[in-house]
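Construct all of the structure, not just a fragment, from the sequences and the given hints.
Chains as they are written, first to last, in this note's numbering: chain A, 69 to 401; chain B, 69 to 401; chain C, 69 to 401.
In case anyone wonders, no lab produced these hints; they're calculated from the structure.
If several chains are the same, the list does not tell them apart, and a pair holds so long as it fits within one copy or across any two.
Cross-link-like lysine-lysine pairs, in silico, DSSO-like; alpha carbons within 27 Å at most:
#1 LYS172 <-> LYS334
#2 LYS370 <-> LYS336
#3 LYS365 <-> LYS172
#4 LYS172 <-> LYS370
#5 LYS334 <-> LYS234
#6 LYS234 <-> LYS336
#7 LYS370 <-> LYS267
#8 LYS267 <-> LYS334
#9 LYS234 <-> LYS298
#10 LYS120 <-> LYS370
#11 LYS365 <-> LYS336
Computed from a predicted structure; not experimentally measured.
Each chain, letter by letter, is given below.
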Amino acid sequence: MFEQQDPNLIQLNSAGQLKHFLTTEGLSREMLTEILDTADSFVDMSAQQVKKVPLLRGKTVVNLFFEASTRTASTFELAAKRLSADVLNLNIKTSSTSKGETLKDTLMTMEAMHSDMFVVRHSDSGAAHYIASNVTPHVAVINAGDGRHAHPTQAMLDMLTIRQHKGAFEPLTVAIVGDILHSRVARSQIHALRTLGAKEIRVIAPTTLLPRHIEALGVTVYTDMLQGLKDVDVVMMLRLQKERMQSALLPSESEFYNLYGLTEEKLKLTHPDSIVMHPGPINRGVEIETSVADGPKSMILKQVTNGIAVRMAVMSMAMGGQMTEHQAERGSE
Amino acid sequence: MFEQQDPNLIQLNSAGQLKHFLTTEGLSREMLTEILDTADSFVDMSAQQVKKVPLLRGKTVVNLFFEASTRTASTFELAAKRLSADVLNLNIKTSSTSKGETLKDTLMTMEAMHSDMFVVRHSDSGAAHYIASNVTPHVAVINAGDGRHAHPTQAMLDMLTIRQHKGAFEPLTVAIVGDILHSRVARSQIHALRTLGAKEIRVIAPTTLLPRHIEALGVTVYTDMLQGLKDVDVVMMLRLQKERMQSALLPSESEFYNLYGLTEEKLKLTHPDSIVMHPGPINRGVEIETSVADGPKSMILKQVTNGIAVRMAVMSMAMGGQMTEHQAERGSE
Amino acid sequence: MFEQQDPNLIQLNSAGQLKHFLTTEGLSREMLTEILDTADSFVDMSAQQVKKVPLLRGKTVVNLFFEASTRTASTFELAAKRLSADVLNLNIKTSSTSKGETLKDTLMTMEAMHSDMFVVRHSDSGAAHYIASNVTPHVAVINAGDGRHAHPTQAMLDMLTIRQHKGAFEPLTVAIVGDILHSRVARSQIHALRTLGAKEIRVIAPTTLLPRHIEALGVTVYTDMLQGLKDVDVVMMLRLQKERMQSALLPSESEFYNLYGLTEEKLKLTHPDSIVMHPGPINRGVEIETSVADGPKSMILKQVTNGIAVRMAVMSMAMGGQMTEHQAERGSE
Chain A
69 MFEQQDPNLI QLNSAGQLKH FLTTEGLSRE MLTEILDTAD SFVDMSAQQV
119 KKVPLLRGKT VVNLFFEAST RTASTFELAA KRLSADVLNL NIKTSSTSKG
169 ETLKDTLMTM EAMHSDMFVV RHSDSGAAHY IASNVTPHVA VINAGDGRHA
219 HPTQAMLDML TIRQHKGAFE PLTVAIVGDI LHSRVARSQI HALRTLGAKE
269 IRVIAPTTLL PRHIEALGVT VYTDMLQGLK DVDVVMMLRL QKERMQSALL
319 PSESEFYNLY GLTEEKLKLT HPDSIVMHPG PINRGVEIET SVADGPKSMI
369 LKQVTNGIAV RMAVMSMAMG GQMTEHQAER GSE
Chain B
69 MFEQQDPNLI QLNSAGQLKH FLTTEGLSRE MLTEILDTAD SFVDMSAQQV
119 KKVPLLRGKT VVNLFFEAST RTASTFELAA KRLSADVLNL NIKTSSTSKG
169 ETLKDTLMTM EAMHSDMFVV RHSDSGAAHY IASNVTPHVA VINAGDGRHA
219 HPTQAMLDML TIRQHKGAFE PLTVAIVGDI LHSRVARSQI HALRTLGAKE
269 IRVIAPTTLL PRHIEALGVT VYTDMLQGLK DVDVVMMLRL QKERMQSALL
319 PSESEFYNLY GLTEEKLKLT HPDSIVMHPG PINRGVEIET SVADGPKSMI
369 LKQVTNGIAV RMAVMSMAMG GQMTEHQAER GSE
Chain C
69 MFEQQDPNLI QLNSAGQLKH FLTTEGLSRE MLTEILDTAD SFVDMSAQQV
119 KKVPLLRGKT VVNLFFEAST RTASTFELAA KRLSADVLNL NIKTSSTSKG
169 ETLKDTLMTM EAMHSDMFVV RHSDSGAAHY IASNVTPHVA VINAGDGRHA
219 HPTQAMLDML TIRQHKGAFE PLTVAIVGDI LHSRVARSQI HALRTLGAKE
269 IRVIAPTTLL PRHIEALGVT VYTDMLQGLK DVDVVMMLRL QKERMQSALL
319 PSESEFYNLY GLTEEKLKLT HPDSIVMHPG PINRGVEIET SVADGPKSMI
369 LKQVTNGIAV RMAVMSMAMG GQMTEHQAER GSE
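Shown next, in the form of structure tokens:
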């Protein structure tokens, strides 16, 4: 665990532009909307014959994955390459950097190679903040998931998917279902949905998988999924970490599916125009019925497509914010 | 194992152009010749100072290797990069995708990232066909070897090497020597040689390493290498999978070498202008005598060079065929 | 171990230009100065918005690391990408190439793929020479560290760092401290410092970590660090291989630190304007006190930055030398 600072002191430059992307918490509605608008333009570009723009040409992006995640690493690698960046993939086992000093040396070495951006996935909450604020402030840091804290690009690709299908956030009732307690995705989603003005945010989970004082985030808590899904416009399923199954926190896989799996039957309780989302990879028959995952309400593959666009958006915006700041610093010397 | 469809229904678009490259079986002589002609132009390009063409610029090629093969993966990676594509390497252990559904989800996720081409190596025969026909028909699929079924780019680089040295296929007698039973390369070679009009195709192997009914493919079978090599123009050695040695199918390594290894002595039985080929990596002193591998008849390194050119050819042709089809589909909407 | 030839017969073309970069030994002062001048121009380029030049566009650089080294491999990968080369990373376990013939086949295969440059790291002294002279003379070979023999790009980035801070080499007294016996870096540094005209080169180490006849290289030997550091302008620390600790060659870690670790206290013995260097990664509290590593005399991160520039310099120079030679060969045909 790392100590925290006000994220906006860190992730915005003096002109109020994004220079790191660490969390959705504390970012203004205007900033989240700018990210979504920029991402939309990259969605359009992806339909072109040549899916490549020179925005990060000659820049070096380092994928620093202290925790393995082929899928997330691939989307960031693709996003960086489509922005024409040079990409370096480093898979660093947490063990070899167990001492804070050694991690710091590794990062300062990467910075000294004139890296421009670090994409950081780490099992410790706050790792990306720590790096951005204490270690290499002149390198744009993109949080690709830190402990139980945040996974802001996942949350923003979800927001993009909702906006494409629902237009405005104000009239929406959104339900987040599953292991809220261990989910960095849920935290980032709640912050983004509140800022973007969603009418009601529900979390649906067994008591054992709910963080204490979760109501303080402005959500309504349901332990009964049948009640929680009633008339919702958006169902956001969370991925179930199978390793949690062995602990006492969770009932058996089949019991969990009965109570909190998204089935065709339960889906009938939602609004007729509702959509279903899941961050993937999905556990068919555990969190979600196969026919729901592949059905007309499912946005799962759309989310993947939007994931590239959102990552291109925050990468190009953060790089722009860093460059503006460097120029300002040079000008004031 | 996956069920099979007529390959030409899958690998050609409605205009008869290549849109996947799954097998040499069923492709017309004109199509095989077009592949060889295109490859020849890339051989010329490789002699230039700048070995790079923008044919796949802005396209995303994903190397999906469910079975490890550094050598084949490297040639495809190089071919894609010389075509200016963005390349993503994914090494997927078959174990993690043992359920068909999970493999399907992985592939559909990669497709949703706007991947344009999958290069697929898989231990199951028919895997590439299955993906191209059932999973992601809009992504160009290149078969980089599937089970015992096919290894069509290897066969085509062999054809390119033969044509460069012999000109026409019609007058040629070609011998394929070794473990025919387990070889995906042999199957692809036989289909290509027949279509291109080779006069006679001989297979030389011990009875235990011959598939049943192999004669139905239009080949002459020899179990005696001394008879089989007589006056042949081309000797195509197969790689011996050492792991087969332990099984009862094979005699000892030295006995195999005595009977089916290509030595200087045996080579004297072939036509004076004969050439020798091997897909590599070679087991010196097991399938082939060192002086033969390094001798003037050996085309082994030439095959490697041609391998890049053939892969560039089928990748650019299949991408062109996909794009033509997409435009046709849009036009008819 | 591989047999050695006069390195200059190998690493220079007939016009006297660099065509491989294998060792600093035997290279002229003019050549070393040209490398430093070229590297300086790349240092300037790295401060630009777009850190990319097209000098190696369309060229294929293969990273052949027979010995793992994430850090060195990363710097070469970045250097090659900033020169616009296509890069292929191959991690080859020494075990699979234990037979010389097999290594040779691997390399000739890579050459046949029209590779233009091999970056070679190998545990055997002389491996890079062997490849350049016997295996693939038309591929530019860059030595990224071979056994105990040489690590010439490390030595040249050290020379660049010294020149940036001290200007001329002639007035300098330089101390190299630590495990001289096992260090390929020390050998390369000594050759470069002598050729560039440093006034005095001292090596400081316990008797057990000094090669026999080291004085023949033109250095002064100190076993007492307090005496050896007196008035030196440059302190070059070596990395301590922790695995050596277990052998009888080394005292305990704390005893080594007491005798040969660089502390603030010992640093006071050096010239007031002295600088401190270390090839990294550093073992804080083993070879160097943390406050020294992070202090104003420390050049450690500067060395990392210069490492990219020096690698870009030798890569672009060796490629130029190869191309000149190829053209000369073609002209004389």
